Amino acid sequence: MKNMILQCAIIFGCLTFGELIVHLTGIKLSSSIIGMLTLTLLLQLGIVKLDWVKGIAEFLSANLAFFFIPPGIGLMLHFDLIKAQFVPIVGATILSTILVLVVTGWVHQLTRKNNGVSKK
Amino acid sequence: MEFLRNETFLIAITFGIYHISKLLQKQTGWILLNPILLTIALIIIILEVLGIDYPTYSEGGKYIEFWLKPAVVALGVPLYTQLQAIKKQATPILLSQIAGCIVGILSVVFIAKALGASKEVILSLASKSVTTPIAMETTRALGGIPALTSAVVVCTGLLGAIVGFKVLKLGKVKSPIAQGLSMGTASHAVGASAAMEVSNKYGAYASLGLTINGILTAAIAPYLIDLLNL
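Going down the list, the protein sequences come from chains A and B. The opening residue of the first sequence carries number 1 in the working numbering; numbering runs sequentially from there. The opening residue of the second sequence carries number 1 in the working numbering; numbering runs sequentially from there.
Bear in mind the hints are in silico, worked out from the structure with no lab data behind them. Just so it is clear, the structure is predicted and the values come from calculations on it, not from any experiment. By construction, the Cβ of each residue, glycine as well, lies at the ideal position given by its N, Cα and C atoms. Misleading hints may appear alongside valid ones.
Claimed, not checked - What follows is a set of in silico ranges between Cβ atoms, one per label pair, in the way DEER data are often shown: (1) B/197 - A/50: 18 to 28 Å; (2) A/82 - B/198: 25 to 35 Å; (3) A/23 - B/31: 38 to 48 Å; (4) B/51 - A/55: 36 to 46 Å.
Take these sequences, add in the hints, and give me the full structure.
If you want it as C-alpha cells, here you go:
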C-alpha cells in the first residue's frame, strides 16, 4: 500500500471533521457517517484523488466486520437484560429485520420500474 | 494466570480465533458458522472459563473496535464510485429508504408489544436497524435503555449479515442495487460488510442504505413513537 501516512491522514481527517461537527452542533448523527459523506464529497470535488485513499479504504472496508467483534463480545454484559424478555426481544428483532430487508428491496424494485428511470 | 489478562494476549486470541473461524466456515460452508458470530461466542466462553470480565477484555478489544469508525468513513470510497448511478435513481432510493425506516420502527414496536415486552424494552428496540451511536442516541431520546439497544443493534447486524442475502433471495428481491440497499438499511455496517464481500457495487448501496436509514431513523423515530402513544 503506497503512502500509508497520507491515506491515514485523509481518513482520520474526515473522521475528525465528523467529530467536530457532532461536538459543535450536537447533531444526533454518528461522526463516522459524517466522515463518510465528507470523504465522498472531497472525492467528488476532486480535492482528494481516489488513488490517495484507495488502498486503505479497501483494507478497512474489507475487514469492517472484524472490528465489530469487541462490541459483539460486549453482549455478555447484557445477557441478563435480554434473558428477562428473551422472546419479545429476539422474536421482534428477527421478524422486523426480515421485513425491513424485503420491504426496502421491494419498494426500490417497484418504484424503479414504475417511474421510468432508465435501467442502465 | 495473571498473564491471561494481558491486553496483547487478548488482542492476539481475537485475531487467532477469527482466522480459525474463517477457515472453519470455508471448510464446512455452514452459514451458522459465521466467523464473526463464532468468534464472539468462542471468546465469550473463553472469558467466562478464565474468569476475565468484559472491561478487562475491552482493554485489548478497544484497539480493534477503534478501527470501526475509520472503516465506516472508508465506505465513502465505494459510495463515490457509484455516485453517478445513485443520482440517476434518487427517487426510488429515497422512497425505499423511507419505507424501510418506517417499517423497521413500526414492525419491531408492534411485534415486541404483541409478544409482551415492557414499554422500556419496546422503546429500546425501535432504532435497532441503525448504527450503534445513532441507535443509542435515539433510544436515549425515546426514554429506553441504551445498553439494551447497543446489544440488539449488534444482533440485528449479525442476523442481516448471516441470513440477509438468503432472505432477499426467498423474498424475490433480485436487483443488486435493491439487495445492497436492503442490507445496509436493515443491518447497518455489519450488513454493509457482508455486501462489500459480494462486490464494491453492493457495498456502495449498502453504505447508502445505512447512511440514509441512520439519518431518517434519528429524525423520524421520536415523532413516530409519540404518535403511537404506546
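Hint-by-hint comparison with the structure:
For residue 197 of chain B and residue 50 of chain A, the Cβ-Cβ distance of about 21 Å falls inside the hinted range of 18 to 28 Å, so the restraint holds. Remark: the range hint 25 to 35 Å for residue 82 of chain A to residue 198 of chain B is upheld by a beta-carbon distance near 30 Å. Take residue 23 of chain A and residue 31 of chain B: their Cβ atoms lie about 41 Å apart, and the range 38 to 48 Å holds. Take residue 51 of chain B and residue 55 of chain A: their Cβ atoms lie about 41 Å apart, and the range 36 to 46 Å holds.
The structure agrees with every numbered hint stated previously.
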